[in-house]
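*Asks:* Using the hints, position chain Z against chain P.
2 protein chains.
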Amino acid sequence: MSKGLPTRSENYSEWYNELVKKADLAENSAVRGCMIIKPYGYSIWEKMQRALDDMFKETGHQNAYFPLFIPKSFLSKEASHVEGFAKECAVITHYRLKNDPDGNGVIVDPEAKLEEELIVRPTSETVIWSSFKNWVQSYRNLPLLINQWANVVRWEMRTRIFLRTSEFLWQEGHTAHATKKEAEEETAQMLEIYAKFAEEWMALPVVKGRKTANERFAGADDTLCIEAMMQDGKALQAGTSHFLGQNFAKAFDVKFQDKSGALEYVWGTSWGVSTRLMGALIMAHSDDLGLVLPPKLAPIQIVIVPIFKGDEQLEKIAEKVAPIVKSLKAKGVSVKFDDDDQARPGWKFAEYELKGVPLRVAIGMRDLENNTVEIARRDTLTKETVELDGIEAYLIETLDKIQENIYKKALDFRTENTKEVNSWDEFLVKIEEGGFLMAHWDGTSETEDKIKDLTKATIRCIPLDSEMEEGKCVLTGNPSKQRVVFARSY
Amino acid sequence: MSKGLPTRSENYSEWYNELVKKADLAENSAVRGCMIIKPYGYSIWEKMQRALDDMFKETGHQNAYFPLFIPKSFLSKEASHVEGFAKECAVITHYRLKNDPDGNGVIVDPEAKLEEELIVRPTSETVIWSSFKNWVQSYRNLPLLINQWANVVRWEMRTRIFLRTSEFLWQEGHTAHATKKEAEEETAQMLEIYAKFAEEWMALPVVKGRKTANERFAGADDTLCIEAMMQDGKALQAGTSHFLGQNFAKAFDVKFQDKSGALEYVWGTSWGVSTRLMGALIMAHSDDLGLVLPPKLAPIQIVIVPIFKGDEQLEKIAEKVAPIVKSLKAKGVSVKFDDDDQARPGWKFAEYELKGVPLRVAIGMRDLENNTVEIARRDTLTKETVELDGIEAYLIETLDKIQENIYKKALDFRTENTKEVNSWDEFLVKIEEGGFLMAHWDGTSETEDKIKDLTKATIRCIPLDSEMEEGKCVLTGNPSKQRVVFARSY
Chain P
1 MSKGLPTRSE NYSEWYNELV KKADLAENSA VRGCMIIKPY GYSIWEKMQR
51 ALDDMFKETG HQNAYFPLFI PKSFLSKEAS HVEGFAKECA VITHYRLKND
101 PDGNGVIVDP EAKLEEELIV RPTSETVIWS SFKNWVQSYR NLPLLINQWA
151 NVVRWEMRTR IFLRTSEFLW QEGHTAHATK KEAEEETAQM LEIYAKFAEE
201 WMALPVVKGR KTANERFAGA DDTLCIEAMM QDGKALQAGT SHFLGQNFAK
251 AFDVKFQDKS GALEYVWGTS WGVSTRLMGA LIMAHSDDLG LVLPPKLAPI
301 QIVIVPIFKG DEQLEKIAEK VAPIVKSLKA KGVSVKFDDD DQARPGWKFA
351 EYELKGVPLR VAIGMRDLEN NTVEIARRDT LTKETVELDG IEAYLIETLD
401 KIQENIYKKA LDFRTENTKE VNSWDEFLVK IEEGGFLMAH WDGTSETEDK
451 IKDLTKATIR CIPLDSEMEE GKCVLTGNPS KQRVVFARSY
Chain Z
1 MSKGLPTRSE NYSEWYNELV KKADLAENSA VRGCMIIKPY GYSIWEKMQR
51 ALDDMFKETG HQNAYFPLFI PKSFLSKEAS HVEGFAKECA VITHYRLKND
101 PDGNGVIVDP EAKLEEELIV RPTSETVIWS SFKNWVQSYR NLPLLINQWA
151 NVVRWEMRTR IFLRTSEFLW QEGHTAHATK KEAEEETAQM LEIYAKFAEE
201 WMALPVVKGR KTANERFAGA DDTLCIEAMM QDGKALQAGT SHFLGQNFAK
251 AFDVKFQDKS GALEYVWGTS WGVSTRLMGA LIMAHSDDLG LVLPPKLAPI
301 QIVIVPIFKG DEQLEKIAEK VAPIVKSLKA KGVSVKFDDD DQARPGWKFA
351 EYELKGVPLR VAIGMRDLEN NTVEIARRDT LTKETVELDG IEAYLIETLD
401 KIQENIYKKA LDFRTENTKE VNSWDEFLVK IEEGGFLMAH WDGTSETEDK
451 IKDLTKATIR CIPLDSEMEE GKCVLTGNPS KQRVVFARSY
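If you read the sequences in order, they're chains P and Z. Just so we're aligned, residue 1 is where the first sequence starts under full-length UniProt numbering, counting upward by one. Just so we're aligned, residue 1 is where the second sequence starts under full-length UniProt numbering, counting upward by one.
Okay, chain P solo, but in the shape it has when bound (with noise of 0.2 Å):
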């Protein structure tokens, strides 16, 4: 009953092409690089928002809306940020449309040319640090604890929906402190707050790490991020926290004034998670028959599919079922009750399957004599007949089962994907296998640089939480204190 999805083993990228647009998550748009989100899948990310929204709230932080466009100038004064983010970016030049003379459409109205370009955000520090400036004059006025939901463009070049589009959602994090020990508080504050959303709602297990020099955010002295692995064994950078140091307070001449009067620069972080998390969360957990959601994510937890011949039998299930949706809905719990009699239940049952519903109850006559169910579980496939009474716990409980298993199921691939490599020869055998690569490094950007041109991995992050190791890089034979994650990466 799959619903004609590639699999996994037969082509991994393909599997994910077609499950996007097939669980009618998202597909692609008009314009170049440009994804529609559908209902479906915007519902996923609803309770992802949702879900962080309140995390940011609870940790004192305030979101605010700051403008789609940037001038030119702006993105010019932080000098690696520029270096970083000027290049692909959508480009406003005029600000009017006129009638074709020809009679063909509308043109572009020469006269309405911009006296300074404007940059669609690829993110808003520049933005965001003009008005700090108005915002901050003294300690009084600190920590700015600024969130943004917002779209941001960058012009990708090869993209893939969800994991590279020109547009994506996302949420940018900004904020602004008296001392330098609190913006670094900050950064690794907002690390864990990604790390446990990606454990505990996505269940999605992440390494938490820091960047290397290469790798960091343009304009920051220090980028945290969170990786997971994909179940073809890539890497995949999951959200970021960046410590800004100084550079935008400087970039921006954000100052204030310190309890004894003194004149300082403000320390600054940023941090943000998109609509990548969507990819993330599909490609480390689905399988060859669909998506596989955990529960606390799921638009629809639980289905009750009805086995009916006619409107008779469908009353008597309906009349068994509805106080058993009441009761869950209750308590918070959605649930729906499928008695669509156009689609027969094989159909449904696919059909669920492919949206990664996390259970499945159907509902029979012989079911109503024996006062059972039959229970269907998403993430492991199999079927067990239930006692109608005390069903709702049951499902409860249930679904935090699922919610453990697909997290316990992710973190077991892991594990069993992750290989310790002391040999150049053995780097180049593993890497082939995919997954991460446990390996010491001499420190430096030129063997980085060397290794990814070499096998196109990169270094994903150096662990915050791996121990202290004396070894040797494992390209050069120079001496290193700590294995990093190697790993090929979305």
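Hints are computed from structural coordinates only; laboratory data are not their basis. Treat the hints with caution; some may be incorrect.
[What the hints assert, rightly or not] Which stretches of chain Z does chain P cover? Using the computed rule of at least three CB atoms under 8 Å from a CB of chain P, they are:
| hint | region |
| --- | --- |
| 1 | 20 to 31 |
| 2 | 87 to 98 |
| 3 | 127 to 133 |
| 4 | 393 to 401 |
| 5 | 409 to 415 |
[Claimed, not checked] DSS-like, lysine-lysine: derived pairs with alpha carbons at most 30 Å apart:
| hint | chain 1 | residue 1 | chain 2 | residue 2 |
| --- | --- | --- | --- | --- |
| 6 | P | LYS450 | P | LYS472 |
| 7 | P | LYS57 | Z | LYS348 |
| 8 | Z | LYS133 | P | LYS47 |
| 9 | Z | LYS331 | P | LYS329 |
| 10 | Z | LYS329 | P | LYS47 |
| 11 | P | LYS98 | Z | LYS77 |
| 12 | Z | LYS336 | P | LYS196 |
| 13 | Z | LYS77 | P | LYS21 |
| 14 | P | LYS98 | Z | LYS133 |
| 15 | P | LYS250 | Z | LYS22 |
[As the list claims (entries may be wrong)] Ranges between beta-carbon positions, derived for each pair:
| hint | chain 1 | residue 1 | chain 2 | residue 2 | range |
| --- | --- | --- | --- | --- | --- |
| 16 | P | MET468 | Z | MET365 | 38 to 44 Å |
| 17 | P | LYS196 | Z | ASP258 | 49 to 55 Å |
| 18 | P | LEU381 | Z | ARG164 | 53 to 59 Å |
| 19 | Z | GLU315 | P | LEU381 | 57 to 63 Å |
| 20 | Z | GLU446 | P | LYS98 | 22 to 28 Å |
| 21 | P | ALA322 | Z | GLU470 | 53 to 59 Å |
| 22 | Z | GLU387 | P | LYS196 | 43 to 49 Å |
| 23 | P | LYS133 | Z | LYS250 | 47 to 53 Å |
| 24 | Z | GLU315 | P | LYS320 | 56 to 62 Å |
Just so we're clear, the structure is a prediction, and the values are computed from it rather than from any experiment. Ideal Cβ placement from N, Cα and C applies to all residues, glycine included.
*Replies:* Only chain Z this time, still in chain P's reference frame:
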């Protein structure tokens, strides 16, 4: 203790601008016509969003997300739509910057010119209907009930925060239906939802009506609207719901197979409200001391201000207040205990008045002895001393009363400032007094235009619920069957 606001009678326009700024709602940005919505303002917008979103979902709508960019050619597909929207818009012509060879930052890379220019969406009918074409095959795919929360851009020459900005935030609903009747019912239903939201959440009475052909949405067969009266007597259009007929279905070739197997064009609607509602909220209720917020949309509903000298007194008050705060929060009330010892109570009182906090509770040492608190209402500026026992219930009840009172006050104001006008001389006099003029109109665009030229008043709407009445057009004397609402407007 007013925070240096101009009064409404002195200069209504300046009062509004200063209030927006001083109450920390929003500010102008470095980008012409684009605003920054600050945390306090954004938290009101979030409450609006949540309430509206819940209503949309209750009526079966789903959120989705469509691209920010629209190919220029899309705009031209619906003839009247392009006339309305192609003119003042942000045009993207290039997709890359490069370093200026002269060393002056970055310049547009002339080699990165787009083949077809992209428009930043002024509204999304075109891009959404081009998707609907792929989403609709048979009657079983209908209705499509889609909503999007997004930013849009209309290049405005004269901007005003919240009321008219080049970039604004909004929701835009887009639906497709099998029958004309269904689409008309949807158009009416969404207008009802907007009216309900305005009246029950914003405490803003609105007139529900139909736009004249002149004021109709570009591409619609019929535009319904809600119109509110501001304190200066001007009208503000607070939301619109459009019946699109088959215009966009034909422009984008969206057909479906009906039950008989015949191919038919679908019927469409679109409807939206924007951050303009923030402007309406401010201008409808606030006074010379600052914001007056209806409790349902107030980020802080109750503030508790301790009156104390020294830590010991503060501790005693805090101890008394803690269980009240806890109990209020558990009941879903947003309450803040302001124990900042760096600001005096009088300063705080003025600050919370400025910010429109509906209820202020002051508690000092004498209150502790007497087991009382002092409660001040923001809407009436009245104070009373109340027993601490049962205070939570009393506060919650008072919040409800404030919500009702603010609505009633706005309704009374509108009633007082709505006048029947029966002659042109009378019209000329009354229009200068402000408010809504209920007058007969001969139904022609010529007369409407002429009245606008002579008086700057437009027909805000033809009320949906007004009685039929034989009369003569206030300007031409030609016959008319119904009074319409004339007003000057934002």
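*Asks:* Of the hints given before, which are not true for this structure?
*Replies:* 4, 5 and 16
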